[in-house]
Amino acid sequence: MMESLQATNDTDNCWVDVMRPEGTGPLAGWYQLQSITNVGGGEWVADRIRSADGKVQPVRLSSLASRSRSIVLFTHEAAWVQLRVVSGEGVAARSGLKFRRIGRVRAFAVMLEMIGVHAAGGVRAALGAAGDFIRTAIVYGVSAGAEGLHACYRMVIGEGAPVELHPAQVWRLRRRAWWPRSDRLLLTPIAQLVAKASPLGGVTWEATTGKPRFGITRMDGSAPILKAGWYRLTGRLTASTGRIVAPCFYLNYATGKAQPLPVQIRVHEPGVDGRVDMSIRFTHDVSALRFDPSTGPARFTIGGFQLRRMGRPEWMSRLLAGLCDEDGRRDWPAIVASATDMSRLAAQGRLRSAGELLAERYIETSQRHAGSYAAWVRKYDTLSVADREAMTSRGQALAVDGPKISLLVPVYQTPERWLRSCLDSVLAQAYPNWELCIADDASPSPHVREVLEEYQRRDARIRVRLRKDNGHISEASNTALDMACGDYVGLLDHDDELRPHALLEVVEAIVARPGLELIYSDEDKIDEAGRRFQPYFKPEWNPDLLLSQNYVCHFTVIRTLLARNVGGFRKGFEGSQDHDLILRCSREIQPWQIHHVPRVLYHWRAIAGSTALERKSKDYASSAGVCAVREYVRGIAPHASVDELPHGHYRVRWPVPQPAPKVSLIIPTRDRVGLLRTCVESLLAKTGYPNFELVVVDNQSYELDALAYLDELRSRERVKVLKYDAPFNYSAINNWAAAHCDGELLCMLNNDIEAINGDWLDEMAGFACRPDIGAVGAMLYYPDDSIQHAGVILGLGGVANHAYCHQPADFPGHGARALVAQNLSAVTGACLLVRREVFEQVGGLDERLRITFNDIDFCLRVREAGYRNAWTPFATLYHHESASRGADDTLEKVARFRREVALMRERWSTILDNDPAYNPNLSIDIADTASQLAFPPRQSRWVGG
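Under this note's numbering, the sequence shown has 535 at position 535, and the numbering climbs by one with no breaks.
Just so you know, not all the hints are guaranteed correct.
Straight line, CA to CA, 27 Å or less: simulated BS3-like cross-link-like pairs of lysine-lysine [what the hints assert, rightly or not]:
id, residue 1, residue 2
1, 720, 662
2, 686, 720
3, 379, 211
4, 686, 662
5, 468, 571
6, 686, 723
7, 723, 662
If you are wondering where the hints come from, they were derived from the structure by calculation, not from laboratory data.
A quick note: this is a predicted structure, and the numbers were derived from the prediction, not measured.
With the sequences and hints as input, model every part of the structure.
Put into structure tokens, the structure is as follows:
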């Protein structure tokens with residue numbers, strides 16, 4: 001049946017109402033819009049049509065084109081429809097438009113005709129679209145084929161406008177059905193996606209940034225989107241440009257409970273052919289579903305996706321076969337053990353328990369495998385042949401004017417296998433302008449000399465000097481340094497390996513910033529079988545961390561003149577001679593002349609007796625490290641002391657000036673007398689610092705026992721009680737209190753803090769009194785002795801969050817950083833010490849940030865003013881975490897939180913996304929506070945690539 005509609009009055013000089021004669025909108029179905037040439041003499045052009053449900057479809061209509069027409073589809077009856085006129089007047093369009101309902105076959109024919117007229121491929125494009133329609137109709141039905149054809153048509157006539165929908169198929173297998181029923185899901189681009197029409201038909205998607213997103217709904221709009229159960233996801237996700245990186249589902253479950261963050265399910269990255277095939281478990285019905293196809297820019301196609309619900313026999317067999325070890329190989333012992341346990345449970349009639357056991361083991365091994373360093377290396381740090389070729393081309397181009405790098409290799413009794421591996425790694429460098437300066441420290445084994453002479457004959461860039469006497473590693477390193485003719489020297493141990501792009505990455509950094517004096521990279525370890533493990537993803541320049549451990553270590557490159565000017569490698573520091581050299585070099589240069597390359601460029605050989613295998617393998621190395629740090633510290637703080645810690649790292653005890661400066665401990669409070677009493681009494685009883693006062697700020701307490709305790713405190717020695725009679729604003733309270741006390745040092749302290757030992761304030765004050773230090777933070781524990789705060793990681797969860805939250809008290813952290821003092825970008829305001837002069841210089845806390853992030857903002861402004869913030873694990877306190885303030889669980893509080901997040905993102909987005917005290921290879925997912933690996937890293941794969 002054909003049903004004509006008519007255009008009515010012009011509504012806003014842009015949109016024209018299109019109505020049925022009875023004054024209602026169109027029914028569901030296919031419609032053809034056709035212009036009538038020059039009716040009434042008006043000229044007009046229209047490009048969009050919209051309906052009451054908010055859907056917008058492109059059209060191509062003009063009064064200047066003979067029989068200009070377009071096809072639109074309404075899936076539901078619409079209350080009203082409007083046509084957008086972009087040129088001319090609505091009154092002309094009103095009299096020159098014919099809008100009628102047509103049959104499906106006619107709609108298909110018109111769409112194919114229009115694709116042939118307007119698409120770049122002409123008739124070929126129309127034939128391709130027709131082929132896609134037929135294939136889809138055969139497999140999924142005519143309705144699905146029609147949706148695909150309509151999507152292609154809209155892209156062609158919409159001139160590249162984003163397409164509203166693209167269907168994917170969902171098959172849900174019913175165990176009692178003879179044929180699986182098919183329900184369609186629609187993928188709707190909701191962010192950072194543009195649809196492009198293929199010349200041969202079909203859809204190509206372009207992700208414009210690293211956060212492309214599809215919303216997923218049922219075709220009929222029903223809920224839930226998916227029922228709980230195990231599903232098999234199959235299909236192809238193929239990139240034509242760029243690369244598919246870390247595709248993910250994000251979903252909400254229909255549990256009836258608040259879910260503040262969506263559940264993330266990682267999708268396996270497609271293989272070379274784009275194929276994806278994996279098992280996914282939804283533990284509850286899915287109420288909202290989103291698909292992020294990649295975390296990087298790419299142009300890609302999505303083809304043949306099916307999400308099919310599996311019956312118990314199928315998913316159990318797939319899960320059992322999918323048990324893998326950390327290297328991704330099928331784990332047969334685990335498969336046999338699981339099959340045995342399942343058989344035992346099934347024999348007892350506990351089939352459900354058998355399934356749960358298998359699911360638990362599958363998820364555990366999948367997560368271990370997916371999150372392991374071996375998986376990370378396979379996905380993001382394995383060089384392909386094409387990568388190597390591209391790097392070689394870049395290296396050859398740079399070598400024309402690039403600096404020469406002299407690699408210093410002291411050699412002594414190196415096993416032949418490892419010596420050859422070391423030398424081969426140098427020969428494999430993509431950057432060719434290097435020389436290898438080898439100093440053999442009188443090795444008694446003849447194979448060492450034979451191998452060195454062999455390699456010297458093979459390449460003129462390899463130079464060897466055979467020392468007559470054994471002088472240990474410092475003297476041998478100085479011999480190599482004397483041989484160096486390059487602009488920079490690189491430090492390479494005789495049994496370690498460089499990555500093929502190590503020198504290339506360093507030289508590209510030097511060319512980009514010619515003033516660099518010291519460059520260092522990330523590193524990992526490699527065992528005798530060539531397996532990589534235990535990476536150290538390092539921060540940017542972090543001088544206090546360097547006093548706690550030689551975090552710079554491998555791979556280090558230093559300007560040759562600087563290394564010679566500071567005296568080279570010093571005898572007596574053997575085992576930590578590199579650490580000593582780096583410390584002395586850092587004293588002579590500015591922080592901007594030091595650069596970190598956040599990529600693994602060095603493999604540290606982990607064999608028996610090596611410090612790579614265990615920090616305590618060479619006791620003399622730790623002792624020499626203490627001496628190096630002690631000598632460095634003596635030059636800046638003569639009364640400081642340095643201790644060696646049981647785990648092989650170091651602790652610097654910074655002295656407090658005498659007489660000790662006064663510290664004002666500012667404690668805002670409201671009621672909750674139990675918390676306040678514990679806080680105050682523990683501070684007064686345990687704090688050993690000689691000169692402090694408690695400034696308790698009463699913010700509208702009204703409970704009688706709290707008021708009584710505050711009255712009692714007014715008469716106590718070292719305690720001052722102030723009354724702040726205004727709504728709670730953490731920033732305003734602390735700013736006001738700072739102006740009403742006289743301490744040279746100000747300590748912001750929550751009323752739910754409890755002192756543990758007596759030297760916590762001495763430790764923090766030692767840092768805070770240093771002229772280069774701004775804010776100082778402490779190690780805070782929950783009452784169960786798990787970590788509550790070990791510093792702050794910027795970007796974690798969006799803005800910032802605490803590092804190592806809920807980890808055990810002795811948790812070492814990545815690179816053992818939770819065990820040592822260091823510089824961090826920010827620390828929590830729950831226990832923050834700062835000199836008054838610094839506090840006033842940056843204007844105190846920002847009172848627009850009433851509740852959250854005011855401490856982070858303060859620390860970042862302190863850092864911006866030129867100070868370094870510090871965190872020490874040797875000042876320990878308990879934190880009951882905002883127990884008196886309550887949770888952000890009202891609409892007003894949620895709105896306030898969102899405003900504060902927006903302010904932080906607007907002000908600090910650059911540093912929040914790139915914390916200099918963290919590393920882009922480590923995760924900022926809110927669940928990964930223990931510095932897990934980032935899947936994927938937050939950087940391009942290779943510089944320049």
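Hint check results:
1. Distance check on the hinted pair: residue 720 and residue 662 sit about 14 Å apart at the alpha-carbon level, within 27 Å; holds.
2. As the CA atoms of residue 686 and residue 720 are separated by approximately 18 Å, the hinted pair is consistent with the 27 Å bound.
3. For a cut-off of 27 Å, the pair hint linking residue 379 to residue 211 stands: about 19 Å separates their Cα positions.
4. Simply put, residue 686 and residue 662 have alpha-carbon atoms about 17 Å apart, close enough for the 27 Å limit, and the pair holds.
5. At roughly 18 Å between alpha-carbon atoms, residue 468 and residue 571 fall within 27 Å of each other, so this suggested pair holds.
6. Under the criterion of a C-alpha separation no larger than 27 Å, the hint pairing residue 686 with residue 723 is consistent with the structure, at around 26 Å.
7. Between the alpha carbons of residue 723 and residue 662 the distance comes to roughly 22 Å, so the proposed pair stays at or under 27 Å and holds.
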